[in-house]
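The whole structure should be built from the sequences, with the hints applied where relevant.
Protein chains: 4
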Amino acid sequence: MAMKRNVCVVITARPSYSRIRSALEAIKQHPDLTLQLVVAASALLDRYGRADHVMEKEGFTIDRRVYMILEGENPITSAKSTGLGLAELATVFSDLQPDVVVTIADRFETMATAVCAAYMNIPLVHVQGGEITGSIDEKVRHAVTKLADTHFVSTPKAAERVIRMGERPDRVHVTGCPSIDLAKQAIEHPTLSIESLFERYGGVGSRFDVTKGYLVVMQHPVTTEYEQSRRHIEETLHAIRELNRPTLWFWPNVDAGSDGTSTGIRAFRENHHLPHIHFFKNMRPEDFIQVLHHSQCLVGNSSVGIRECAFLGTPVINIGSRQNGRDRGENVLDIGYHRKDIIEAIEKQIATGKYPSDSLYGTGDAGQTIANLLPHIDLSIEKRLTF
Amino acid sequence: MAMKRNVCVVITARPSYSRIRSALEAIKQHPDLTLQLVVAASALLDRYGRADHVMEKEGFTIDRRVYMILEGENPITSAKSTGLGLAELATVFSDLQPDVVVTIADRFETMATAVCAAYMNIPLVHVQGGEITGSIDEKVRHAVTKLADTHFVSTPKAAERVIRMGERPDRVHVTGCPSIDLAKQAIEHPTLSIESLFERYGGVGSRFDVTKGYLVVMQHPVTTEYEQSRRHIEETLHAIRELNRPTLWFWPNVDAGSDGTSTGIRAFRENHHLPHIHFFKNMRPEDFIQVLHHSQCLVGNSSVGIRECAFLGTPVINIGSRQNGRDRGENVLDIGYHRKDIIEAIEKQIATGKYPSDSLYGTGDAGQTIANLLPHIDLSIEKRLTF
Amino acid sequence: MAMKRNVCVVITARPSYSRIRSALEAIKQHPDLTLQLVVAASALLDRYGRADHVMEKEGFTIDRRVYMILEGENPITSAKSTGLGLAELATVFSDLQPDVVVTIADRFETMATAVCAAYMNIPLVHVQGGEITGSIDEKVRHAVTKLADTHFVSTPKAAERVIRMGERPDRVHVTGCPSIDLAKQAIEHPTLSIESLFERYGGVGSRFDVTKGYLVVMQHPVTTEYEQSRRHIEETLHAIRELNRPTLWFWPNVDAGSDGTSTGIRAFRENHHLPHIHFFKNMRPEDFIQVLHHSQCLVGNSSVGIRECAFLGTPVINIGSRQNGRDRGENVLDIGYHRKDIIEAIEKQIATGKYPSDSLYGTGDAGQTIANLLPHIDLSIEKRLTF
Amino acid sequence: MAMKRNVCVVITARPSYSRIRSALEAIKQHPDLTLQLVVAASALLDRYGRADHVMEKEGFTIDRRVYMILEGENPITSAKSTGLGLAELATVFSDLQPDVVVTIADRFETMATAVCAAYMNIPLVHVQGGEITGSIDEKVRHAVTKLADTHFVSTPKAAERVIRMGERPDRVHVTGCPSIDLAKQAIEHPTLSIESLFERYGGVGSRFDVTKGYLVVMQHPVTTEYEQSRRHIEETLHAIRELNRPTLWFWPNVDAGSDGTSTGIRAFRENHHLPHIHFFKNMRPEDFIQVLHHSQCLVGNSSVGIRECAFLGTPVINIGSRQNGRDRGENVLDIGYHRKDIIEAIEKQIATGKYPSDSLYGTGDAGQTIANLLPHIDLSIEKRLTF
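Heads up: the protein sequence lines correspond to chains A, B, C and D, in order.
Going by this note's numbering, the first residue of the first sequence is number 6, and it counts up by one from there.
Going by this note's numbering, the first residue of the second sequence is number 6, and it counts up by one from there.
Going by this note's numbering, the first residue of the third sequence is number 6, and it counts up by one from there.
Going by this note's numbering, the first residue of the fourth sequence is number 6, and it counts up by one from there.
Source of the hints: derived by calculation from the structure; they are not laboratory data.
Keep in mind it's a predicted model, so treat the numbers as computed, not measured.
Keep in mind that the hints are not guaranteed to be accurate.
No copy is singled out in the list; a pair is fine if it fits within one copy or between any two copies.
[As the list claims (entries may be wrong)] Result set (SDA-like, lysine to any residue): computed pairs, CA atoms no more than 25 Å apart in a straight line:
| id | residue 1 | residue 2 |
| --- | --- | --- |
| 1 | K345 | N329 |
| 2 | K286 | T268 |
| 3 | K286 | R205 |
| 4 | K345 | D292 |
| 5 | K33 | T368 |
| 6 | K217 | E352 |
| 7 | K286 | V59 |
| 8 | K359 | R250 |
| 9 | K62 | R271 |
| 10 | K33 | D346 |
| 11 | K162 | P174 |
| 12 | K9 | E335 |
| 13 | K217 | A356 |
| 14 | K286 | F273 |
| 15 | K286 | W256 |
| 16 | K359 | D51 |
| 17 | K286 | E239 |
| 18 | K345 | E239 |
| 19 | K33 | K359 |
Set out below in structure tokens:
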């Protein structure tokens, strides 16, 4: 009889948790797998919604917590935090003795997980490789691909890119993106009645009738353009102010440069009367899907605009370079950092209305597919370019 | 008038210094460049020959020293050391404000340099990417390629591989390998008369007449096969013992697993009478070239067998998987970890004698070529896969 | 002719800067000293008012910045942050080669400075040792005393305690507390007209006429009573709410446990209408002195109540154990964490009114006294108990 | 029914293990205690005899291993190593949740244990405080005293000093030194027949008849006199060479500066013929006691000369400042770093011969005494000076 495989998943941020949750659930349930859950970085911090507490509420047991974010929110502390995380994870992997380590996507801290597993001779699975975006994430994602032994990618195009980079085709699996699983389930089994949004989540700013249409804004800083973050966010702020439509604004998650963005929002809020905007810090991902599902338009540069909104058919205004190169559906309108363009594009999308659902990033069963593959992947860590 | 570019080169081991020295010299002399020299990891340690002292004697000024090797010599400490190095280098780069960071080859600690430069938005130049080897180096090397912005590679085949991995062709330059520069100069201007070898370097073991032919052994542990290191080295030790020919044996440099190898050598030496073997810890690289040049055969798994010995025409027995996949000349005979095979192969090579020089890894001007390119490379750090 | 001494002062928090500023100024001006200024920990962080920016505005040059606060605000991250700071400061001291290191008071991060200097064989000067307080600070302060070579203490009683702990009497100097220098100067040369307080500092909450009397609240969490922080702050919040007098409330600075306090304040603010309270995050220390000088009563557990307010004669309500054991003047009323007691005590102090100035913590020339001593202190680092 | 107390003992070096072993044994056996064993620093390293392997052979289970020694052996790496250890131990204590942490003596790394326990609000027990020595150990030891909540000291004089430093008398217990327990047992139940010494331990150098009298040398570098280490050891080397008596020489353990000492020994050995000296790296502590017991004289600066040799009655030549201030018996002759004095003193001690046993450091039951106290010590972590 075969031993259960210890599958260690390292979660470093709340959005990564949402994205991988259906896979975590399926791994936990699988008879041939034991889930080892490591929660690290901003996923442990109050200001980013303590994803660890959410996980526990949702029935997961956390095996290790890794504090690794050095305060400062600049490129120096991003580098140092990653170094600390790498040093800390070596202790964790040494204690937990996983058979496989799973890392997700391309946040800067994921490099700590990837290097640590590789150096400790533990097979590494990378979820969501092979995609194309702007900024430092691009370097991180493909470097993790070169450290990983097995690749679970979201789209056939992503699989093609991973293989072209020299990875063995038999180690690349198109599983779809697990974030679509969540979107599918959230639509089928809503956990939030949109009318009770403010009551449920509080937040800051005046309240309005969300059943009559609203915008959603979520705009993150773009790491390698550190000093421009503030100017970027201000263009969006001005556009939203001028549009004067009901708007739900979500704070950005941690990143080098979030500082410019956060400061920009705070300053704008103090200097302008914004009775039509309501600010939220965190929201259960299922509920956020509900909010997107009923939204007239998502504005910003979040990847949910590209992924989940393709599935949902929600119109999207994608600002700037952050999502450049990602495969996208009809629902996305790309523009630059100019308030006029932003205003114009939003009005156009509202006029168009909802798009049909697009299965570009999956059909909602990625988590189960991943769990089904994990007991069977080859655990060899010897790699070589295929060319 | 253009400003000089600050070129920060991070050296983490004595062999890396030897390999890059001609480039360091050319950068230092170049009117448009300022060399910033960071010495780190085993290059600062007594047991690995204090490369920093060698550099100072050879006229270089060291800008920063970075202690980063956590003792233990196992996969846990390799991972932790890399994490510490990353955290430390962030301070160094913040102080020195380089315009370009240069990292060399594929040792585990080079990942610290590469990630740090990438995360701090400093253009990264990788020297010696695109090659194929066994072990963890393979993962490190290609991951560094994906973090790097410009690539200086040794061979046209390496250039082809880097480009196939999705790097922009205009960012890939075939410079040849700077280690060949050293070999060329060492042959043209010998700094060691081979007869005075023992007198100059001491070492441990009895002395013999090196003008009548000798073997050279240099065998490093193979990281991902940690526990087998000792068995591997013992096969070579037995073979060399049985051959009973004059042999110069060089200690391996630091690496996770060096422990098994070093322990193996020490134990063997205590339990056997080995009057025909002389052990060395360190040697000036020029002098080591001289030793290789006059050697009947190099035995082990060092990359000098593949690179410098191609140029020198020295016969090589390459044992095991460490150099797998590297482009090699006629002079190399590949075999496994069996004492009989080792003995047989050595005898065959001695019978064959010296090979003609092969320019596979360059013609001896790589350092100057690198320095000439550095003032002109594009400093943009935005990357995207070419496919 | 004697060389100038390099005096390296490590500042880890904004209040520490205020406290030592007059000494920094005097060191900078002294012909026999060179000031080396290292800014670290919360003194670099936005949420704690970027003391580094304040220093630069006030004419100081910062030699090194040390990011060391690991986010999490719990005992684990306090310990880890101190460890990281120690590792980082070793690099800094190695670069700057100070003749003397100066550390201030008893914050948890000061242990990093003290251990680092001791281990690197650099003479350590401790400012403000020998005092008695509650909580972990007590352990830190006296441990730093045992690592320090020279002691600049605030009061004769503190000197006596340091000597009784086994330090050599000739190494203990009563300089007074430099924070009194600032208080003296702020009173003599006001930089803030109290009427323009809101205009100058903004802050959050409604505005009122400060010329008609007001309370000041500043209450920090008490580290070793981590979980009680929230209950403690709520008692004070309820008391202030019931009193319904104009109140200026200052946020606590970083510390393990600040979380409970901050969360408590935020939640209370959301659940209650508090039109008579105005919240400030940061204030120039001179201006804060002005605010204290004109205040009817200071409420909380800040050491300014003990030190500066003695000099100013401002009535103080000191809550809980944080300042236990500190020598205090007539102006301080000590009470526990009960809203009723707080209310009663405040009313009593308002009825009493201003106290006469008390020179218990110095007469306002401590900074100059410190600078005058530094060129002459013995630099031997050999210590031995005197008994 | 009372819960068992988790007692976490952190061992950072092989000699510390030997010293505390009888207490570990007694804690392990005690019905009200659970032993949590953390092995760290040089106790994990090959070059210092892998104390962790010894512990496992002797029946202990190791709960956590903490790699923390940064290679370099200079004051910078001592400071950095301590910082890393502090960061690592925070993870360990968070995992193990000890009720009490025990730290031993005064090695530089013990500060990591002490600060970590204090900052994580875990009661700290310090074994062997209150003693007086030279060098940096002095600062470390007393700083640990100020961080500790309970003190188990070796002698009444040590207790007096700890109390005079301001510690509460009811928290100070004279237990005797556990190293004497080992000495007592080693004498009563010898594990080594002295005639089989070379056979059992190998070592380097020629062999001689140990039944006819021999010297033992053990000399450590003195940390704060870093650069003089080499000169110091050379005086002893010359003295021993001139004496030309059978000598067993033991290598020093890790410490900043060990470099000068080790290099000195190695160089001397290469340049001189030393047929009467045999070098050992490690020895089971019981066997080392046996070696001391039969020795004519111990030479060097080890604390065993002061402690165990008092009990054994072995004559001791104590060189230099390392043991200054320690209470010592009649058996110790103190001298400086001059070969002539060393020679003369050794001859005098050999002439005198064995001294009577002295119970200055205990009577051999310290371990049991410590284990009996641990279930009953007060776990409060609130401290205050007693004056």
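Tell me, which hint numbers fail for this structure?
4, 10, 12, 16 and 19
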